[in-house]
Structure formats: C-alpha cells, structure tokens
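Visitor: According to full-length UniProt numbering, the sequence shown holds residues 1 to 230 in order.
Incorrect hints may appear among the rest.
Stated by the list, open to error - Using 20 Å as the maximum straight-line C-alpha spacing, the simulated EDC-like pairs for lysine to aspartate or glutamate come out as follows:
id	residue 1	residue 2
1	Lys126	Glu159
2	Lys126	Asp162
3	Lys74	Asp158
4	Lys103	Asp162
5	Lys54	Glu120
6	Lys165	Glu81
7	Lys46	Asp113
8	Lys186	Asp61
9	Lys74	Glu147
10	Lys111	Glu147
11	Lys54	Glu182
12	Lys103	Glu159
13	Lys126	Glu147
14	Lys46	Glu120
15	Lys74	Glu159
16	Lys111	Glu182
17	Lys126	Asp158
18	Lys54	Glu81
19	Lys103	Asp158
20	Lys186	Glu57
21	Lys171	Glu81
As the list claims (entries may be wrong) - Ranges between beta-carbon positions, derived for each pair:
id	residue 1	residue 2	range
22	Leu71	Leu49	30 to 36 Å
23	Gln114	Tyr73	15 to 21 Å
24	Lys103	Ile79	20 to 26 Å
25	His109	Glu57	33 to 39 Å
26	Asn152	Thr190	44 to 50 Å
27	Asn47	Cys128	33 to 39 Å
28	Ser122	Asp158	16 to 22 Å
29	Asn130	Lys186	45 to 51 Å
30	Asn42	Gln72	24 to 30 Å
31	His75	Thr102	28 to 34 Å
Hints were generated in silico from the structure; no laboratory data involved.
On a predicted model such as this, the values are computed, not experimentally measured, just so you know.
C-beta atoms are modelled at their ideal positions from N, C-alpha and C, and glycine is treated no differently.
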Amino acid sequence: MFPRYTNSNLISHKDYNTSVMATLRPTRDRIPTQVFTPSKVNVSVKNYLLNGQKAVEKISDATSRSSDVNLQYKHGNIILEFSAAFYLHFSNTLVQHFNSNTKVTCNIHEKQDQSGKVVEQSISVKCCLNQRQQYRINLYNTTCRAEVNGRNHRAFFDELQDICKQMDNNKDYSSINQQIREECAKHQRTYSKEIIKPSIAGTQSDNQSTDLSLAKKIKPEYSQHKQTID
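Put together the whole structure using the sequences plus the hints.
Guide: Shown next as structure tokens:
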C-alpha cells in the first residue's frame, strides 16, 4: 500500500547543502508560510534545551535504516518510520498535499525547545463541513517518524496514496542519506571538541555556560525539508 521510493535528484544538492538538520530549525526557516498556511498554528515551548549531539546521532541512525519507509498498524495507530532523506521529502509533500486539499482543514501544534527548535509537530485534520477532527498526524523530527491516530484514522490511507503519487517512485535516497550521514559526523566531531575543551580547563560554572552556548548553536545548515525532522 505504501511502496518504497527511490533517485538522488529528489532533493537537490543546492537544497541539501543549505540544510541537513532542517528538523532542528525554527519554524520560520523550515516551513515558509507560502508553502503551507494552516487555518491555525499553536506553539508550545517545552522546559528544556534540545541535546544537539543526541539529536544528530538519532538523525544519523535514521540514514542507515534498511528501507526508506516502514509502515505498521498497531492498536489503532498508523506508524511510519523513514530514512532521514525520505522523511524530508515525505513531510514536505505531506504539508503541500493538505494545503491544497479542499475537503479538510488543518490545525498545527508545534512543540519547541527553549531555543525555538521544532522537535515535534501535531497536525489536526478536520472535516471542512463540521470542523470535527478526523485524525491527528504527529511528526517526530529527530527520529524521522510519523504516527497517525484518531477516530477516523483509516481515512489517512486514502490521503497517503495521493501523497505517494506526488512523490516520484523512481527515487534513490541512498546518496542523500550518505550526505546527511557525513554532515552528522561533522557535527558530532564539532560537539566533541567543544565539550571536551572546557571539561579539561574550565570550572563547573564554565561547563554549564558552555552547555548553554552549545544548545544555542544547534542550527544545522539545511534548507527546510518539509521537513523537517523526538
């Protein structure tokens, strides 16, 4: 029902070079309003700073998944797990699809860390006629996963087929995943250098200050996917 897609031309090198961790970017960078303008956007700020190093590790792991997409249906939930490159393409196509859908309206709830990085997005899909929620789509930006649930969640399968048609079925994401993996490795080396130095010469206060400054620096140089990309 949800075939594997594969081609390196999917995300251009120009787009890629300006964005490997699009998921860690603030919303204004990742989802331009001209691309997706939902009827309502709510933002909540979590009481923590995203651990950039761990987030990069998760995204790097997602580049090595055995398939670009894995769909499971568990306990009334549609669960989609993607490779990092496929997630960027899928999530971008998803919002564009609902932007042009005349049968439903969408409200987005974005969860950000204290520095403004969007770690999770929840899209409430409602019927245009009665504004009753049909289902909810949760996008987890650092694990490259999506979960769909709600009383009429099976209706998402129809939307999923339309989304698939908008995605070229001859794409090969392996080269893009390789590029993302290499960029993740560069970020990890940078984090290691910045964290080790103060631990040798700095005081505990210095280390705490460094941790905060590092958190503010987690702004991967990617263009927006959505994606994006818990």
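Visitor: Taking only the CA atoms, is the gap from Lys74 to Asp158 under or equal to 20 Å?
Guide: Holds. Lys74 to Asp158 sits at ~18 Å (cutoff 20 Å).
Visitor: What's the verdict on Lys103 and Asp158, does the C-alpha distance respect the 20 Å limit or exceed it?
Guide: Given that 20 Å is the threshold and the Cα spacing comes to 13 Å, the pair holds.
Visitor: Does the alpha-carbon distance linking Lys54 and Glu182 stay inside the 20 Å limit?
Guide: holds (16 Å)
Visitor: Given the hint that Lys111 pairs with Glu147, does the C-alpha gap stay at or below 20 Å?
Guide: Status holds; Cα separation ~15 Å.
Visitor: Is it true that the CA of Lys126 sits at most 20 Å from the CA of Glu147?
Guide: Answer holds: Lys126 to Glu147 is near 17 Å, not above 20 Å.
Visitor: With a cut-off of 20 Å on the C-alpha distance, tell me whether Lys103 and Glu159 pass.
Guide: holds (11 Å)
Visitor: Is the gap between the beta carbons of Asn47 and Cys128 within 33 to 39 Å?
Guide: holds (36 Å)
Visitor: Mind checking the alpha carbons of Lys103 and Asp162 for me, to see if they're no more than 20 Å apart?
Guide: holds (14 Å)
Visitor: The hint says 44 to 50 Å between Asn152 and Thr190; measuring C-beta to C-beta, is that right?
Guide: holds (45 Å)
Visitor: Given the hint of 28 to 34 Å, check if His75 and Thr102 actually sit that far apart at their C-beta atoms.
Guide: holds (32 Å)
Visitor: So if I understand the rule, the pair passes when the alpha-carbon distance is 20 Å or less; does Lys126 with Asp162 pass?
Guide: holds (18 Å)
Visitor: Take a quick look at whether Lys126 and Asp158 sit within 20 Å of each other, Cα to Cα.
Guide: Holds, because 15 Å separates the two Cα atoms, which is no more than 20 Å.
When each numbered hint is compared with the structure, violations occur for hints 16, 23, 25.
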